[in-house]
Amino acid sequence: MLRFTLRRFLTGVALLFTICTLAYFLLYIDSDTIAAGILGASATKADILRFNATHGLNENVFVSYANWLSHAITGNFGAAWTFTEPVSSMITTRLSVTFTIVTISLLIVTVISLTLGVLAAVYGGWIDRVVQVLGLIGFAIPNFLVAFALVAQFAVVNHWFNAVGWTPPNADFNEFLKSATLPISAIAFTGLASLTQQIRGAVKDTLQNDYVRTLRTSGLSFRRVILKHVLRNAAGPALSVLGLQFVGMLGGIVIIEQIFSIPGLGSFSVQATGLKDIPSVMGVVTTMALIVITVNFIIDLLSAALNPKVRLA
Amino acid sequence: MTTSLISLLQDPNQKDRNLFYKVITNPVGAFSTALVTLFTLVAVFARVIMPYDPNASDYSALALDPTPAHIMGTDDLGHDIFSRMILGTQFTLSGALLCVAIALFVGSVLGLLAGYFGGLWDSIGNWLSNILQALPGLVVLLAAAAVLGNNLYLAMSIYGLLLSPAFFRLMFVTVRGVRNELYVDAARVSGLSDFAIITRHVLGVVRAPIIIQSGIVASISISIQSGLQFLGFGSSDTISWGSLLMDGFANIWTHPVRLLWPSIGLAILLVSIVLFATTLRDELERSGTRVRKSTKKSLQSHTRTAATEAPVIHPEPTRVGEEILSINELEIGYLQGNGTYKVVVHDANLSINKGEVVGLVGESGSGKTQTALALLGLLPQGGTILGGKIAFDGIDLAKITTREFDQLRGRRISYIPQEPMSNLDPSFTIGSQMVEPLRVVMGLNKVDAKARALELLGMVGLPNPEKTFRSYPHEISGGQAQRVLIAKALSCGPDLIIADEPTTALDVTIQAEILDVLRDLQKRTGVAILLVTHNFGVVADLCDRVAVMQHGRVIESGGIFDIFDNAQHSYTRELLGAILDENGPARAPYKEDVNA
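For the record, the sequence lines run as chains A and B. Under my numbering, the letters of the first sequence match residues 1 to 313, in that order. Under my numbering, the letters of the second sequence match residues 1 to 596, in that order.
Treat the hints as calculated values from the structure; they're not laboratory data. All figures in this text were calculated on a predicted structure; none of them were measured in a lab. Some hints here could point you the wrong way.
Said to hold, decoys possible - Output of the computed footprint for chain A on chain B, the stretches with three or more beta carbons under 8 Å from beta carbons of chain A:
1. 251-258
2. 422-432
3. 503-516
Every residue gets a Cβ at the ideal spot worked out from N, C-alpha and C, and that includes glycine.
Please work from the sequences and hints to get the whole structure.
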C-alpha cells in the first residue's frame, strides 16, 4: 500500500509538472503578441518593449519559468498584470466560493444518485425507466441550459431565489441559500443524471456475479447481500466515475458562475483570459490541474483501499 | 466469449447494414435520425430557407416579441431571430463536425498504433490521454484563447484534441482485443500485410462504436461551443446559437422569450443526437445477446420433442432413514417476451432420505441445475415453479415466501457451487465470509463464530486454517477455495447440501481430493447431499442412488447398483458409456489413433 501510494503520488506530481510546463511555454512563448494584444493596435514598438521589460517578458523563457516554478512551489503565483492583488490571494478567495458550490453539489449528487442508482439496478421497473430517461436528458442538456430554465422560472417569474450574486454561508445563511440554491441545482442536475446511471450500471454488473447468489444460499437476506456485498464491490467502479464527474463539474462551473455572477474560480478564469492577464491564467490553470490531480489521487487511494488485490501489492 | 468471437467472425459489413436497418425501424431511432437529418438539411440550405437577411436591421421592428411577420420576434437591432436561428445551425453543426473530425482522427490513429504495436506507442498514447483527461476542457480553451486569439474554429480544433482520448480508448481496447483473436493470426499466416489486417478486421469491428462515440463527442462539443460563445468568445459578427443565447440571457428580464428559442433548439438537437447514439448502442448490445438467446432456444425446442422414451423407475432398494426431500412432478418455466412460459423442467421426480447421497445426472441443458436452484428458491430472474411439489421435511418449497426461505437457506439447505473462485466475494477475507453466516444465521458471538470457522476450515482439510482465515479469495488456489465453500456449506449444520458440479472446474488430482473431503464429511455429519453432475464417475464414487435427467425430466432413477448394472433407458446407457471416455487416460489421442 505504501509503495502504491508513493508511486501514485509521484505520478501525480509528474503530471502536474508536465501540465504546468506545457501551459507556461504555450502561454509565454510569444511575448510580442501578448504585449500587442494587451496594449492594443495603437501600440508602438517602444511601448511593446517597455511592456516586456516591466513584466519580465524579455527574459529567457527558461529562466523565467524556473523563476515562476520556484515561487509556485511555495504557493506564490506572482503579481498579476491587470489586477492589483497578487494572483495567489485572488485565487484563494475565489477558490473558497467555488469549493463551497462544488462540495455541496458533489455531496447531494453522491447521496441521491447512490440511492436512485441502487434502487434502479435492484428493482428495475418504473424507477429504472425514470433513471434511464433522466440520465439521457442530463447527459444531453448542458448545465447552462438547466441554469437558464431555473433562473427564468424561480428568479424571474417567481422571485424565490436570486438571479445573480453570492453571499457566503457564514455571512448570512438565508441569503446564502437564496444565492446558492439555483447554481448548485444546475451543477448537481447534470452530475446527478449521469452518476445515477453509472451507479446503476456498476450495481447491475456486480449483481451478475456468481457469489451474489451463493451468498444468499448461506442464509443471508437479499437486503444484507445488497447492502454489504454488492455495494462494497460496486464501490470501486462508482468511485472512478465520481472522479470523472468532478472534473466535469469543474469545467461546467465556469459557465454557471458567469451566469449567476458568482465570484469564484470559474468566473475568474473568464475574467483573466478576457483581459489576457497571463500570470492569472497560469495561476488558474495550475490550481485547476492541482485540484483535479489531488482528487484523482484520493480516489485512486480509496479504490485501492477497497480492492484487496491492490491493497496488498 | 464464444459469442463475441462469433459476432466478430461475421462479415462486419453485413452486420452493420442490419444494425442501421434496426435503428431506422426502431421508433426512437427513426425519430432521432429524422431530427438529426432535418438539422443537417437546415444547416446546408440555411441561406435558402431563411426568410430575412439575418444581418439586415429593420428599424421599424426593433425588439419585437413574436409576430406573424417575425415568428420568433426581433432583437434590439431589428434582426429577425428566426433567420438568425436558421443560419446559426450552420455554425453550430460545422463547429461540431470539425471537433469530431479532429478527435476522431487523432484518437483513432494513436489508438490504432498503441493497440496494434504496443510498447512505446502504448506508453505515449496512454500518457497523453491521461494528461488530457486531467484538465477541465473549458479552462484549457479559455487559456488557449488568451494566447491564440479569439477564433471559435481554432477553439473547436483544440477541443477536438482534448476529446480525442474518447476515441483513443475505444480504438486501443478494441484493437488490442482483436489483435489477440484467433482469426488475426490466421490472416497473418495467410500472408496479409499488417495494414490489410487492420483495415479489414479491426475497422469493421469498431465502426458502430465509433459512430456512437462520435454522436456523444458531437453533443459535448456543441454544448461547449455554445457555452464559449455565451461567455463572449468568438467574433461578435458570427451568428450562432451561442450568440443568440448571450443576447437572450442579457434580456432575460425584458424579453425572456429570446432565451427560449436557442435553448429549445439546442435541447432538441442535443437530445436527438444522444438518442441516436444510445439507440445505436442498445441495438448493438441487443444484436450481441440475440445470438446467445437463439442458440439456447434451438436447444430447448430440440429437447422438448426428443423425449419420447418412457421414464424408468427401478424398484426402491432398501433405504435407511426417513425422507427429507421429495420432488413430485416439478415443472419450471421462464417467462418470455410474449407472455408465455418456456418450460425447462417438467415431470421431475426425486426423493432423498436423511443421510443419503443422491446423484442428479444429465448433460448440460437437461434441467438439473434449474431443479437444484428451485430447491434453493434462487431461480434466475423470470424463472418460476409452474407446478408440482417440493416437500422438504414437510414444507412445500414451491409455496413458501422469500422470508421463510431465508430461514431455511444455510441453516437447513445449503449449496456448493461449481466455480469456486467466482463464488467467493473478492472484497472480503475468507474469515469474514465464514463468520458472517455463523453470526447472522446461527447467532453466534464474534469469538465463537471465529472458533467455529477455524474448526470448519480444519475439517475440510485445509492445512493452515488460521492463514486461510486471513486470506482474500484471490490469494488461495481453486482447490482451497472449493474446500472453503464446502466448509461454508456445512457451517450452519444443514440437513441437505446441494452440490452443483462441485468438482467440474478443478484439476483431476484436486477433484479426487475434493470428493474424498465430501465423502468423509458426509459420513461424519450424516448430511444428505444432492449431487448434481454430468459425470457418472463422480456418481459411482459418492452416491447411494441416482436420478438421470434428460430434456427437463427425470428419465430413470434407482439405486446406484441398479443403474450401473441394469440401466434400461437408452440415454442412461449412453451416459454410462461416457465414463470410460472421461476418466480413461489421455482419451483424445487414443481415439485419434483408432480413427487413423
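Hints breached by this structure: Result: hint 3 breaks, nothing else.
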